[in-house]
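Single-letter residue listing:
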Amino acid sequence: QQQVKQSPQSLIVQKGGISIINCAYENTAFDYFPWYQQFPGKGPALLIAIRPDVSEKKEGRFTISFNKSAKQFSLHIMDSQPGDSATYFCAASKGFNKFYFGSGTKLNVKP
Amino acid sequence: DAGVIQSPRHEVTEMGQEVTLRCKPISGHNSLFWYRQTMMRGLELLIYFNNNVPIDDSGMPEDRFSAKMPNASFSTLKIQPSEPRDSAVYFCASSLSGGPHEQFFGPGTRLTVL
Numbered sequence: 114q115q116q117v118k119q120s121p122q123s124l125i126v127q128k129g130g131i132s133i134i135n136c137a138y139e140n141t142a143f144d145y146f147p148w149y150q151q152f153p154g155k156g157p158a159l160l161i162a163i164r165p166d167v168s169e170k171k172e173g174r175f176t177i178s179f180n181k182s183a184k185q186f187s188l189h190i191m192d193s194q195p196g197d198s199a200t201y202f203c204a205a206s207k208g209f210n211k212f213y214f215g216s217g218t219k220l221n222v223k224p
Numbered sequence: 048d049a050g051v052i053q054s055p056r057h058e059v060t061e062m063g064q065e066v067t068l069r070c071k072p073i074s075g076h077n078s079l080f081w082y083r084q085t086m087m088r089g090l091e092l093l094i095y096f097n098n099n100v101p102i103d104d105s106g107m108p109e110d111r112f113s114a115k116m117p118n119a120s121f122s123t124l125k126i127q128p129s130e131p132r133d134s135a136v137y138f139c140a141s142s143l144s145g146g147p148h149e150q151f152f153g154p155g156t157r158l159t160v161l
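Which chain is which? The protein sequence lines are P and E, in order.
My numbering puts the first residue of the first sequence at 114, with every later residue one more than the last.
My numbering puts the first residue of the second sequence at 48, with every later residue one more than the last.
Same shape as in the complex, but just chain P (with noise of 0.2 Å):
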């Protein structure tokens, strides 16, 4: 059973335009929703988190969108540049230690 389901699989934006991706999960007893930004070869490293008790928390041209009622947070990538292309996964967690993450996705910033 999946614990946090991500879309798209891959998404392709132009240079200076806005990256959406969004997930979904089931347990509300989550209560940590990070962002990781992974880059071919490389582990995965933390982007922007955020905790269920705000609606949205801006971390320069990242932003996530977190809707409580409706079990679902979304990471915004304003301005995307060519650099922004990598593999972004979200995640969940209770408790803070045991991570489920998403499936990835694919993310290509065209110049």
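Hints in this document: simulated from the structure, not taken from any laboratory.
Values in this document were obtained by computation on a predicted structure and should not be read as measured data.
It is possible that part of the hints are untrue.
As the list claims (entries may be wrong) - Cut-off 27 Å, straight-line C-alpha distance, at most; resulting in silico cross-link-like pairs (DSS-like, lysine-lysine):
| hint | chain 1 | residue 1 | chain 2 | residue 2 |
| --- | --- | --- | --- | --- |
| 1 | E | K115 | P | K211 |
| 2 | P | K155 | E | K115 |
| 3 | E | K71 | P | K207 |
| 4 | P | K223 | P | K128 |
| 5 | P | K181 | P | K211 |
| 6 | P | K155 | P | K170 |
| 7 | E | K125 | P | K223 |
| 8 | E | K71 | P | K155 |
| 9 | P | K170 | P | K128 |
| 10 | P | K181 | P | K219 |
| 11 | P | K211 | E | K125 |
| 12 | P | K118 | P | K223 |
| 13 | P | K219 | P | K184 |
| 14 | P | K211 | E | K71 |
| 15 | P | K207 | P | K128 |
| 16 | E | K125 | E | K115 |
| 17 | P | K171 | E | K125 |
| 18 | P | K118 | P | K171 |
| 19 | E | K115 | E | K71 |
Fit chain E to the supplied structure of chain P, relying on the hints for placement.
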């Protein structure tokens, strides 16, 4: 800071052989995680340790897989005997437990079982 260190970075072996993957977590971190990444199944948590004690090994696929953490600075993931379906990238990650602390991932070990 050297980050999480994994060795080897690449491993090619034949079916039936024993494989040992190694991990050195970030100094001071007390939680350690082993993940497996494949195209088909994505990123799966295999096992995690807290203060060197295995807490959840429900993701370990079968008895051929075993993991140990003899001390705070070293962990191994062993596959014996290895099978072609074990081919994947294996990541080790570490963090501080007890709060929303970032999991820092190592560079991974790409395992190919022929």
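Evaluation of the provided hints:
1. K115(E) with K211(P): This hinted pair holds, its Cα atoms lying about 18 Å apart.
2. K155(P) with K115(E): holds (24 Å)
3. K71(E) with K207(P): Since the Cα atoms of K71(E) and K207(P) sit roughly 25 Å apart, the hinted pair holds (cutoff 27 Å).
4. K223(P) with K128(P): holds (6 Å)
5. K181(P) with K211(P): With a Cα-Cα distance of about 20 Å, the restraint between K181(P) and K211(P) holds, given a limit of 27 Å.
6. K155(P) with K170(P): holds (26 Å)
7. K125(E) with K223(P): violated (41 Å)
8. K71(E) with K155(P): holds (16 Å)
9. K170(P) with K128(P): holds (23 Å)
10. K181(P) with K219(P): Distance of about 25 Å is within 27 Å: holds.
11. K211(P) with K125(E): OK: K211(P) and K125(E) at ~21 Å, within 27 Å.
12. K118(P) with K223(P): Roughly 26 Å between the alpha carbons, so the hint for K118(P) and K223(P) holds.
13. K219(P) with K184(P): With Cα atoms ~23 Å apart, K219(P) and K184(P) stay inside 27 Å; holds.
14. K211(P) with K71(E): Answer holds: K211(P) to K71(E) is near 19 Å, not above 27 Å.
15. K207(P) with K128(P): violated (36 Å)
16. K125(E) with K115(E): holds (8 Å)
17. K171(P) with K125(E): violated (41 Å)
18. K118(P) with K171(P): holds (22 Å)
19. K115(E) with K71(E): holds (12 Å)
When held up to the earlier numbered hints, the structure conflicts with 7, 15, 17 and fits the remainder.
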